[in-house]
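Engineer: With mature numbering (1 follows the signal peptide of the UniProt record, and there is no 0) as the guide, the letters of the sequence shown map in order to residues -20 to -1, 1 to 231.
Quick caveat, the hints were computed from the structure, so don't treat them as lab data. Fair warning: this is a prediction, and the values are worked out from it, not measured in the lab. C-beta atoms are modelled at their ideal positions from N, C-alpha and C, and glycine is treated no differently. Please note: incorrect hints may appear among the correct ones.
[Said to hold, decoys possible] In the PhoX-like style, the derived pairs of lysine-lysine whose C-alpha atoms are separated by at most 20 Å in a straight line are:
| no. | residue 1 | residue 2 |
| --- | --- | --- |
| 1 | Lys209 | Lys159 |
| 2 | Lys59 | Lys11 |
| 3 | Lys46 | Lys61 |
| 4 | Lys31 | Lys6 |
| 5 | Lys159 | Lys178 |
| 6 | Lys188 | Lys222 |
| 7 | Lys202 | Lys59 |
| 8 | Lys162 | Lys221 |
| 9 | Lys31 | Lys222 |
| 10 | Lys179 | Lys222 |
| 11 | Lys31 | Lys221 |
| 12 | Lys159 | Lys207 |
| 13 | Lys178 | Lys221 |
| 14 | Lys61 | Lys11 |
[Claimed, not checked] Label pairs and their in silico Cβ distance ranges:
| no. | residue 1 | residue 2 | range |
| --- | --- | --- | --- |
| 15 | Lys72 | Tyr193 | 40 to 50 Å |
| 16 | His57 | Glu230 | 36 to 46 Å |
| 17 | His57 | Tyr175 | 16 to 26 Å |
| 18 | Val157 | Glu4 | 43 to 53 Å |
| 19 | Ser42 | Glu172 | 34 to 44 Å |
| 20 | Glu64 | Asn18 | 25 to 35 Å |
| 21 | Gly71 | Glu158 | 49 to 59 Å |
| 22 | Asn228 | Gln67 | 35 to 45 Å |
| 23 | Asn228 | Ser29 | 23 to 33 Å |
| 24 | Lys61 | Ser165 | 25 to 35 Å |
| 25 | Glu158 | Ser50 | 31 to 41 Å |
| 26 | His57 | Leu27 | 16 to 26 Å |
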Amino acid sequence: MLKKIMLCSFFIAVSPSVLSQTSERKALKGKVMAYSSNLDGIYVLNLSSEKETVTKEGGYFSIQAKEGDSLMFSSIHFKGKIVEVNQADFGKELLYVKLETMVNQLDEVMVVQYKNINAYDLGIIPKPAKVYTPAERKLRTATGVDPKVGLNNSFALDPLLNMISGRTSMLKKELEVEKREKWISQLEDLFEEEYYTKKLQIPAENIKGFLYYAVENERLVKNLNSKDKAMATFLLGELAKKYIQTLNDEK
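Take these sequences, add in the hints, and give me the full structure.
Structural biologist: Right, here's the structure in full:
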């Protein structure tokens, strides 16, 4: 009986310390290795804690982690990689992670005469004014940024009339819609419909709604603009969970 009491006391005393050791995160130092001299600025994201950092010069990094955490390495210059942390990694001086460089291989090289390649594109003479999208062009005209000085001096009248009529506000909204459509088009090019239905569990009839929901996220848009597919993939997964929860709440 005395032995049982002592044994129980031992487990009661030891268990909290053991639990704290397994649940608390601590600094994990590492180094990215690749056939490249530019190893700084690579995203290191702890998928379990959603904390992130970036590599410093030479590929060195430090991030809070624990056994069982998954670390994702992401950069536009390297293929994305996910590494699972184990207890032995904390006993190492550095955790070495090897990344593969992103190589765009051309199947065939063809020499084609392009009509739109001219002295401006080659840098021989200064480039002309920026080419604007239809929505941008309408907004520039409406706000008077590029006034047209004609014989009737109407350059100051258009912006004033547009301000009174509210047309400028409407054109700004049109520009925002144009941007959203561009980001949605990017997502449709990056991922097949099957990815949304099977991987993200989005009902087929709600895919378009999810895309509009997703492009409202600033972090996702930022990674779409920088063409960081690995980070965009991770963020889509997180947004899909929230979107599905919203759909369930509405039922």
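Engineer: If a hint holds in the structure, say so; if it does not, say that too.
Structural biologist: Each hint, compared with the structure:
1. Lys209 <-> Lys159: Measuring from Cα to Cα gives roughly 19 Å; hence the hint holds.
2. Lys59 <-> Lys11: holds, 16 Å
3. Lys46 <-> Lys61: holds, 18 Å
4. Lys31 <-> Lys6: Status holds; Cα separation ~13 Å.
5. Lys159 <-> Lys178: violated, 28 Å
6. Lys188 <-> Lys222: Holds. Lys188 to Lys222 sits at ~15 Å (cutoff 20 Å).
7. Lys202 <-> Lys59: The given pair, whose Cα atoms are some 19 Å apart, holds under the 20 Å limit.
8. Lys162 <-> Lys221: violated, 23 Å
9. Lys31 <-> Lys222: holds, 19 Å
10. Lys179 <-> Lys222: Holds - the C-alpha atoms of Lys222 and Lys179 are around 15 Å apart, at most 20 Å.
11. Lys31 <-> Lys221: holds, 18 Å
12. Lys159 <-> Lys207: holds, 16 Å
13. Lys178 <-> Lys221: holds, 13 Å
14. Lys61 <-> Lys11: holds, 14 Å
15. Lys72 <-> Tyr193: 40 to 50 Å: Because 42 Å falls inside the window, the suggested range holds.
16. His57 <-> Glu230: 36 to 46 Å: holds, 42 Å
17. His57 <-> Tyr175: 16 to 26 Å: The hint (16 to 26 Å, Cβ to Cβ) holds, given that His57 and Tyr175 are roughly 24 Å apart.
18. Val157 <-> Glu4: 43 to 53 Å: holds, 47 Å
19. Ser42 <-> Glu172: 34 to 44 Å: holds, 37 Å
20. Glu64 <-> Asn18: 25 to 35 Å: Holds, at about 26 Å.
21. Gly71 <-> Glu158: 49 to 59 Å: holds, 54 Å
22. Asn228 <-> Gln67: 35 to 45 Å: holds, 38 Å
23. Asn228 <-> Ser29: 23 to 33 Å: Check passed, 26 Å falls within 23 to 33 Å.
24. Lys61 <-> Ser165: 25 to 35 Å: The hinted range 25 to 35 Å holds for Lys61 and Ser165, with Cβ atoms some 28 Å apart.
25. Glu158 <-> Ser50: 31 to 41 Å: holds, 37 Å
26. His57 <-> Leu27: 16 to 26 Å: holds, 21 Å
Hint compliance for this structure: hints 5, 8 are not met, and every other hint is.
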